[in-house]
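Enquirer: Sequence:
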Amino acid sequence: MLPPLKMERSMSMDESLKYMIILQHIEKYKEYETDYTCRLMAKYFSKKNFYGGNIFDEKATIDSETILSSRWPSTRSFADPVHAFEHPSNGGSCI
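Basically our numbering = 1-based index in the sequence shown + 8.
Note that these hints are calculated values from the structure, not bench results. Do not take every clue at face value.
The calculated lysine-lysine pairs, modelled on BS3-like cross-linking and capped at a C-alpha distance of 25 Å, are [claimed, not checked]: (1) Lys36 to Lys51; (2) Lys36 to Lys55; (3) Lys51 to Lys38; (4) Lys36 to Lys26; (5) Lys26 to Lys38; (6) Lys51 to Lys67.
Model, not experiment: these values are computed from the prediction.
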């Protein structure tokens, strides 16, 4: 004859409330993480600058592989959007 199985004690009201709060925090974290991922993808991998323009100047196809190129670094508009596309011939002075 097998011994009777132990039943887990039921959670008290405080424990169940803490458990529900933890679950809510996990859901919020997942939602924020998803939103953050979408923002990063849109910012760095959308091929657009802050003003909606295309960041690439030329498109070349070599051996059925497309290569997009730009005269400016792709992260320049994100680092300093005010001075991002100024012409570098400002007399050699540093800002």
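Enquirer: Taking the earlier hints as the rules, which of them does this structure contradict?
Expert: Checked against the structure, the only hint that fails is number 2, while the rest are satisfied.
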